[in-house]
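Produce the complete structure using the sequences and hints provided.
Here the protein sequences come in this chain order: A and B.
If you want my numbering, it's the position in the first sequence, counting the first as 1, plus 128.
If you want my numbering, it's the position in the second sequence, counting the first as 1, plus 279.
Source of the hints: derived by calculation from the structure; they are not laboratory data.
Keep in mind that the hints are not guaranteed to be accurate.
[Said to hold, decoys possible] Result set (DSBU-like, lysine-lysine): computed pairs, CA atoms no more than 30 angstroms apart in a straight line:
1. A/Lys-314 / B/Lys-316
2. A/Lys-374 / A/Lys-167
3. B/Lys-296 / B/Lys-316
4. B/Lys-296 / A/Lys-218
5. A/Lys-314 / A/Lys-218
6. A/Lys-275 / A/Lys-314
[What the hints assert, rightly or not] Some chain B residues judged to face chain A by a derived CB distance under 10 angstroms, without partners named:
7. Leu-287
8. Lys-296
9. His-297
10. Ser-306
11. Phe-332
12. Leu-371
13. Glu-501
14. Arg-527
15. Arg-531
16. Arg-532
17. Trp-536
For glycine and all other residues, C-beta sits at the position ideal for the given N, C-alpha and C.
If you want the building blocks of each chain, they are given just below.
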Amino acid sequence: MAQIVLGNVDLLYPTKVHSRPTLKELLFSFLGNHGQASKMVQGLDSVTLRIEGGECVGVLGRNGAGKSTLLRAIAGVYPISAGSCQTDGKIASLFDIAAGFEWNATGWENIELRAYLQGETPTTLRDRLDAIVEFTDLRDMLDRPLKCFSTGRIMLLSFAIATCFDTEILLIDEFLSTADVQVREKAIERMLEMIRANGIVMVASHDLAFLRQICNRAIWLEQGRVREDGPTECVIESYLSSAQTKKQVPLAA
Amino acid sequence: MLCEVWSLRHFWLALAKHDLNERYRRSFIGIGWSLIKPAGMTCILTLVFANVFQVPAIEYAPFLFVGLVAWQFLSESIVQGCNAFRLANTYLRVRPVPIGIFPLRVVLSAGIHALIGFGAAIGVIAVLHGFESLGALWALVPAFAILTVTAWGLACICGIVNTLYSDTQQIAEISLQALFYATPVIYLPESLHSSGWLSTLVWCNPFAAYLELIRRPMLHGELPSAHACMLAVAFMAIAATTAWLAIRCVERRLALWL
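Laid out in structure tokens, this is it:
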């Protein structure tokens with residue numbers, strides 16, 4: 129059964145694009161000008177979680193709270209600095225609409241590339257190709273380069289590839305926020321199928337109505353820490369009242 | 280690491296295929312350019328240097344063509360390898376993958392061009408001179424493997440350094456320019472004074488050894504010298520080990536830097 133277990137996870141990342149000085153900075157440092165040192169930011173701070181198969185977990189919090197960092201750490205994209213992160217199950221991630229696609233390649237070529245990136249083979253892809261095309265309903269479009277696709281269609285294609293290969297853990301970061309009603313309904317139906325099959329879905333989003341609709345558990349992150357973890361409705365209530373309180377404080381002052 | 284790279288072979292092969300399609304998109308001649316470019320260069324340079332070195336054009340042209348193809352393979356792998364990880368940003372944000380596959384994508388694409396060039400050279404040499412010993416041609420297989428592994432190692436190293444210091448590509452281009460003249464691509468090694476400094480430089484230059492590994496079996500039907508073999512294998516081992524250590528050092532953090 130799918131499972132995610134995080135024990136006291138810390139994640140530090142550099143504030144600068146590159147954590148090391150550029151050649152110019154190195155040269156100046158030899159001449160005595162040390163410039164601005166690279167600072168490390170605590171992306172996650174002692175995060176402990178246990179998520180079992182059959183759970184759909186919403187991750188909420190303000191911008192910069194660590195939602196995306198948490199999902200990327202679980203996916204293994206970002207290295208954790210301390211603690212332990214164990215996952216059991218086939219992971220697929222939907223972090224960024226452009227990620228894993230070549231804009232000049234056709235829809236068919238992109239399906240191949242993305243499926244092979246997920247570790248599939250021509251045989252497993254052949255078995256699922258019809259399912260992907262059927263889910264997206266884009267058969268007539270797939271001969272065109274991806275740059276001719278609308279954002280919603282790219283999203284649909286990406287979602288179909290990520291979920292068509294017996295995915296057990298699906299990590300979604302604000303991915304469906306710009307999708308139209310039809311795309312969203314299709315995606316929700318697929319996610320619910322995964323949960324019924326004892327998979328795990330984790331969704332980071334600011335769309336609280338969406339989280340209410342699909343999640344049976346929510347995690348509220350604040351400054352990289354888990355502030356609250358529990359049933360979706362309770363966590364959203366606490367989150368909203370905290371936001372309300374923060375809004376009233378300056379007024380009262 | 281190699282097992283992981285192999286398990287994702289369908290992915291990097293698809294990427295290399297995409298790169299070739301992309302490079303020749305809307306081109307009338309397409310991949311034929313990989314042959315026309317060095318062939319055109321060979322014609323022009325033969326006109327000049329066959330006179331300078333006082334050698335018959337029919338002997339000099341195959342020598343130059345093979346050298347240019349091999350040099351282009353190495354230099355293209357290094358220069359394009361500098362941007363291998365920056366271009367891979369879109370994939371590294373999806374899931375953790377062995378990062379060595381991205382320089383390999385670049386090397387494969389350059390290697391296919393080189394194979395087309397070498398294939399054409401073998402054909403032309405067979406028509407012009409014939410092969411004295413076909414057995415020696417088998418030496419081209421390990422020679423090309425050594426060349427590919429070296430190119431992959433150097434592309435990995437340059438890619439990592441360029442991710443940290445974006446001036447690397449410019450430095451690599453200038454260094455390759457200098458190295459071009461220290462390698463007998465255009466001039467014949469026999470034309471150098473045996474006691475001169477350039478001759479010593481060529482003797483210790485691993486890139487010169489790679490050219491010998493390819494040229495000797497193809498042009499003379501002989502196996503390469505022991506010195507060239509040892510120098511080429513030693514440099515390949517150094518490049519591959521350094522690349523492996525560099526990858527091990529940065530692999531987990533690379534996604535944070537991009």
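Verification of the hints:
1. A/Lys-314 / B/Lys-316: violated (51 angstroms)
2. A/Lys-374 / A/Lys-167: Holds - the C-alpha atoms of A/Lys-167 and A/Lys-374 are around 28 angstroms apart, at most 30 angstroms.
3. B/Lys-296 / B/Lys-316: holds (20 angstroms)
4. B/Lys-296 / A/Lys-218: holds (27 angstroms)
5. A/Lys-314 / A/Lys-218: Given pair A/Lys-314, A/Lys-218 holds - Cα atoms ~21 angstroms apart, limit 30 angstroms.
6. A/Lys-275 / A/Lys-314: The given pair, whose Cα atoms are some 23 angstroms apart, holds under the 30 angstroms limit.
7. Leu-287: holds (7 angstroms)
8. Lys-296: holds (9 angstroms)
9. His-297: holds (6 angstroms)
10. Ser-306: violated (14 angstroms)
11. Phe-332: violated (40 angstroms)
12. Leu-371: With a closest approach of 7 angstroms, the B/Leu-371 hint holds.
13. Glu-501: The hint is violated - B/Glu-501 has no Cβ within 10 angstroms of chain A, the shortest such distance being about 42 angstroms.
14. Arg-527: Since chain A brings no Cβ nearer than about 13 angstroms to B/Arg-527, farther than 10 angstroms, the hint is violated.
15. Arg-531: holds (4 angstroms)
16. Arg-532: At 6 angstroms from the nearest chain A Cβ, B/Arg-532 passes the 10 angstroms test, so the hint holds.
17. Trp-536: Result: holds, 5 angstroms to nearest chain A Cβ.
When the structure is compared with the earlier hints, violations turn up for hints 1, 10, 11, 13 and 14 and for no others.
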